[in-house]
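Peer 1: Construct the entire structure; sequences and hints are all you get.
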Amino acid sequence: MTDAAISVAGLAKRFAKVAALSGIDFEVPAGTVFGLLGPNGAGKTTAVRVLATILRPDAGHAEVMGYDVVHDAAAVRFQIGLAGQNAAVDANLTGRENLRLIGTLAQMPRREVAPRAAELLERFDLSGAADRPVRTYSGGMRRRLDVAAALVRRPPVLFLDEPTTGLDIQSRTELWAVIRELVAGGSTVLLTTQYLEEADRLADRIAVVDQGRIVADDTAKGLKDQVASTVIEIGMEDEELAGQAEAALARFSALRPERDGTLIRIASNDSSKVLMDALRRLDAESLTPATLTVREPTLDDAFLALTGKRCDDCLRAEPETRAAAVSGAQASERSAA
Amino acid sequence: MSTALHPVGAAEMRRHRFAGAARDTFAITRRNLITYRRVPALLVFTLIEPVIFVLLFRYVFGGAIAVPGNITYVDYLMPGIFVQTVVFGATNTAIGLSTDVQSGLLERFRSLPMARSAVLTGRTFADLGRNVLVVALMAVVGFAVGFRVHTDAALFLAGVALVLLFAYVFSWVFATVGLLIGDPESAQAATFPILVPLVFASSAFVPVSTMPSWLQAFAEHQPVSAAASAVRALMLGGPTASLVLQTLAWCTGLILIFAPFAVWVYRRKV
Numbered sequence: 001m002t003d004a005a006i007s008v009a010g011l012a013k014r015f016a017k018v019a020a021l022s023g024i025d026f027e028v029p030a031g032t033v034f035g036l037l038g039p040n041g042a043g044k045t046t047a048v049r050v051l052a053t054i055l056r057p058d059a060g061h062a063e064v065m066g067y068d069v070v071h072d073a074a075a076v077r078f079q080i081g082l083a084g085q086n087a088a089v090d091a092n093l094t095g096r097e098n099l100r101l102i103g104t105l106a107q108m109p110r111r112e113v114a115p116r117a118a119e120l121l122e123r124f125d126l127s128g129a130a131d132r133p134v135r136t137y138s139g140g141m142r143r144r145l146d147v148a149a150a151l152v153r154r155p156p157v158l159f160l161d162e163p164t165t166g167l168d169i170q171s172r173t174e175l176w177a178v179i180r181e182l183v184a185g186g187s188t189v190l191l192t193t194q195y196l197e198e199a200d201r202l203a204d205r206i207a208v209v210d211q212g213r214i215v216a217d218d219t220a221k222g223l224k225d226q227v228a229s230t231v232i233e234i235g236m237e238d239e240e241l242a243g244q245a246e247a248a249l250a251r252f253s254a255l256r257p258e259r260d261g262t263l264i265r266i267a268s269n270d271s272s273k274v275l276m277d278a279l280r281r282l283d284a285e286s287l288t289p290a291t292l293t294v295r296e297p298t299l300d301d302a303f304l305a306l307t308g309k310r311c312d313d314c315l316r317a318e319p320e321t322r323a324a325a326v327s328g329a330q331a332s333e334r335s336a337a
Numbered sequence: 338m339s340t341a342l343h344p345v346g347a348a349e350m351r352r353h354r355f356a357g358a359a360r361d362t363f364a365i366t367r368r369n370l371i372t373y374r375r376v377p378a379l380l381v382f383t384l385i386e387p388v389i390f391v392l393l394f395r396y397v398f399g400g401a402i403a404v405p406g407n408i409t410y411v412d413y414l415m416p417g418i419f420v421q422t423v424v425f426g427a428t429n430t431a432i433g434l435s436t437d438v439q440s441g442l443l444e445r446f447r448s449l450p451m452a453r454s455a456v457l458t459g460r461t462f463a464d465l466g467r468n469v470l471v472v473a474l475m476a477v478v479g480f481a482v483g484f485r486v487h488t489d490a491a492l493f494l495a496g497v498a499l500v501l502l503f504a505y506v507f508s509w510v511f512a513t514v515g516l517l518i519g520d521p522e523s524a525q526a527a528t529f530p531i532l533v534p535l536v537f538a539s540s541a542f543v544p545v546s547t548m549p550s551w552l553q554a555f556a557e558h559q560p561v562s563a564a565a566s567a568v569r570a571l572m573l574g575g576p577t578a579s580l581v582l583q584t585l586a587w588c589t590g591l592i593l594i595f596a597p598f599a600v601w602v603y604r605r606k607v
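These protein sequence lines map, in sequence, to chains A and B. Its first residue numbered 1, the first sequence is counted upward by one per residue in the numbering used here. Its first residue numbered 338, the second sequence is counted upward by one per residue in the numbering used here.
Hints were generated in silico from the structure; no laboratory data involved. One should not assume that every hint holds.
Far from chain B, some chain A residues (derived; all Cβ distances over 12 angstroms) [unchecked claim]: (1) Thr53; (2) Ser127; (3) Ala216.
Keeping only pairs whose Cα atoms sit at most 25 angstroms apart, straight-line, the calculated SDA-like set for lysine to any residue is [as the list claims (entries may be wrong)]: (4) A:Lys17 with B:Gly441; (5) A:Lys273 with A:Leu304; (6) A:Lys221 with A:Ala177; (7) A:Lys17 with A:Pro39; (8) A:Lys221 with A:Glu237; (9) A:Lys221 with A:Gly243; (10) A:Lys17 with A:Ala30; (11) A:Lys273 with A:Gly235; (12) A:Lys17 with B:Arg605; (13) A:Lys17 with B:Phe529; (14) A:Lys17 with B:Gly519; (15) A:Lys17 with B:Val602; (16) A:Lys221 with A:Ala30; (17) A:Lys17 with B:Leu517; (18) A:Lys17 with A:Gln211; (19) A:Lys17 with A:Asp58; (20) A:Lys17 with B:Asp520; (21) A:Lys221 with A:Glu233; (22) A:Lys221 with A:Asp58; (23) A:Lys221 with A:Arg205; (24) A:Lys17 with B:Gln439; (25) A:Lys273 with A:Thr230; (26) A:Lys221 with A:Leu304; (27) A:Lys221 with A:Gly186; (28) A:Lys17 with B:Arg604; (29) A:Lys17 with A:Gly66; (30) A:Lys221 with A:Asp204.
Built from N, CA and C at the ideal position, the CB exists for glycine as well.
Peer 2: Given below as structure tokens:
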């Protein structure tokens with residue numbers, strides 16, 4: 001067994017005519033969080049399903065705790081816990097019955113099942129609802145139970161497939177705290193997410209996945225450094241002025257500005273010089289910025305640079321949480337800078 | 338690595354591989370029976386339907402149906418109704434499994450170190466439990482509307498046992514259908530064209546001899562007729578052995594085909 005809790009080499013999977021995974025490689029050292037970041041349909045869930053022995057890959061090789069996911073699938077199942085969008089709990093059972101069922105099926109010793117279920121219900125703040133059928137639970141409670149179910153046997157490797165998709169900010173923050181605690185306890189976590197902020201906050205290493213390929217595999221900081229050291233954002237009063245400003249800046253070839261509504265974004269490695277140049281250009285055209293922000297690049301910037309598209313695509317489904325997550329990420333970046 | 342984690346060694350995994358299957362089956366059976374308890378409507382309507390069939394054939398159609406020999410139609414009818422009820426009831430196996438496929442629960446089960454077959458054996462055992470209840474109710478309703486056993490209590494119970502065995506076998510047939518189709522509405526719709534010819538073109542409600550000869554050929558050589566006639570013989574008398582053997586042969590054949598087929602589909606599907 002190597003140091004890697006999860007190792008994946010050349011993994012490929014096709015569904016009918018669609019290539020869900022076109023050969024991905026990565027390694028997750030034991031005791032770390034690895035984030036698979038990408039939009040819907042990027043292949044993240046397919047990767048998790050292969051690693052959780054639910055799907056057989058068409059090509060390539062994957063090991064979890066040194067066991068091959070195809071030839072030693074039974075052994076892999078003893079090492080893993082799975083939670084997320086495709087796993088589920090039984091709506092007609094109570095929370096307690098669900099956890100006990102999973103504990104039994106995970107082959108826990110009989111006498112340990114009930115105490116462990118009680119402990120997890122307590123830990124996930126579900127004690128009060130423990131003996132109510134799950135169909136009466138809120139979305140957040142259900143998701144917490146789902147994650148608890150993945151932990152029943154204390155597996156060394158955890159797969160969390162978009163664990164916070166659809167959760168409100170508070171439930172999301174709570175779940176993040178739980179994940180950090182697990183990792184502090186030595187668990188290895190493979191996390192898939194559409195949320196840049198989530199990957200940024202939790203993952204030691206992030207692979208950006210797009211159309212079944214890994215387009216980058218680095219630390220959050222490394223990914224951001226691949227883009228530029230600084231991002232300058234110039235906000236204009238309206239879109240017309242912003243258009244004029246963009247044109248003015250674009251004539252200055254070193255800047256490569258990008259416009260998003262009234263906001264113009266310039267990434268650079270030499271922020272003070274670029275900022276001075278940009279402001280001089282605008283001043284020459286009698287354009288005055290309404291807002292001016294200099295910040296570290298976010299993963300959003302990195303995703304754009306790496307895939308040529310914004311990761312907003314993935315977040316469009318949930319406008320409120322998206323706006324909150326993005327502004328939260330920027331706020332934290334600013335305070336860090 | 339922290340002591341909180343539980344990495345599993347090879348010896349422990351080997352031990353579970355054999356001891357676990359029965360425990361897994363029991364856990365899944367229990368889970369499915371809890372569902373029947375939590376969703377009483379499910380159970381109530383599966384109980385009402387067969388009662389309606391008894392009343393319909395006993396009082397609406399029964400008067401117009403002549404049966405050979407000197408037995409009343411209600412006596413002819415009840416053994417057939419027992420078989421019809423459990424065969425129709427097997428639809429629940431298809432619906433239950435396809436609901437699980439859709440909910441994603443099977444996806445989680447497949448990531449657990451449990452016996453692969455337990456999801457299916459647990460489902461069919463739970464449905465057998467439901468069928469015990471259904472058959473008991475049918476017996477009560479049958480006796481209330483005038484059904485009388487012509488043999489003795491032991492043979493009557495043997496007949497009931499045969500009905501339950503037949504029910505169990507059909508659960509596997511419809512488990513396969515449920516897994517193949519994978520969504521509850523379609524699964525329910527898919528069972529109908531299988532059920533109707535099997536149940537109505539059989540000796541369950543009317544003597545096969547009243548059917549046109551081309552239909553007789555089918556009706557005489559299919560499992561529902563064999564089971565209905567065997568249960569009838571056990572409860573009303575007459576030559577029994579060959580009919581019971583025929584039914585047991587059907588049961589053996591069907592389970593040998595459909596149990597491995599269902600497990601195979603389960604392993605591939607989801």
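Peer 1: Work down the list of hints and note, for each, if the structure agrees.
Peer 2: The hints, checked one at a time:
1. Thr53: Label violated. Min Cβ-Cβ 6 angstroms, cutoff 12 angstroms.
2. Ser127: holds, 20 angstroms
3. Ala216: It holds; alanine 216 of chain A is separated from chain B by about 28 angstroms at its closest Cβ, greater than 12 angstroms.
4. A:Lys17 with B:Gly441: Holds, at roughly 23 angstroms.
5. A:Lys273 with A:Leu304: With a Cα-Cα distance of about 23 angstroms, the restraint between lysine 273 of chain A and leucine 304 of chain A holds, given a limit of 25 angstroms.
6. A:Lys221 with A:Ala177: Holds - the C-alpha atoms of alanine 177 of chain A and lysine 221 of chain A are around 21 angstroms apart, at most 25 angstroms.
7. A:Lys17 with A:Pro39: Holds. Lysine 17 of chain A to proline 39 of chain A sits at ~20 angstroms (cutoff 25 angstroms).
8. A:Lys221 with A:Glu237: Between lysine 221 of chain A and glutamate 237 of chain A the Cα gap is close to 33 angstroms, so the pair fails against 25 angstroms, i.e. violated.
9. A:Lys221 with A:Gly243: Violated: lysine 221 of chain A and glycine 243 of chain A sit about 32 angstroms apart, past 25 angstroms.
10. A:Lys17 with A:Ala30: violated, 35 angstroms
11. A:Lys273 with A:Gly235: The hint holds at about 19 angstroms.
12. A:Lys17 with B:Arg605: holds, 19 angstroms
13. A:Lys17 with B:Phe529: Distance ~33 angstroms between lysine 17 of chain A and phenylalanine 529 of chain B Cα, so the pair is violated.
14. A:Lys17 with B:Gly519: holds, 21 angstroms
15. A:Lys17 with B:Val602: holds, 22 angstroms
16. A:Lys221 with A:Ala30: holds, 20 angstroms
17. A:Lys17 with B:Leu517: holds, 21 angstroms
18. A:Lys17 with A:Gln211: holds, 13 angstroms
19. A:Lys17 with A:Asp58: holds, 13 angstroms
20. A:Lys17 with B:Asp520: holds, 23 angstroms
21. A:Lys221 with A:Glu233: holds, 20 angstroms
22. A:Lys221 with A:Asp58: violated, 33 angstroms
23. A:Lys221 with A:Arg205: holds, 9 angstroms
24. A:Lys17 with B:Gln439: Holds, at about 23 angstroms.
25. A:Lys273 with A:Thr230: holds, 12 angstroms
26. A:Lys221 with A:Leu304: holds, 15 angstroms
27. A:Lys221 with A:Gly186: holds, 23 angstroms
28. A:Lys17 with B:Arg604: holds, 22 angstroms
29. A:Lys17 with A:Gly66: violated, 32 angstroms
30. A:Lys221 with A:Asp204: Holds, because 10 angstroms separates the two Cα atoms, which is no more than 25 angstroms.
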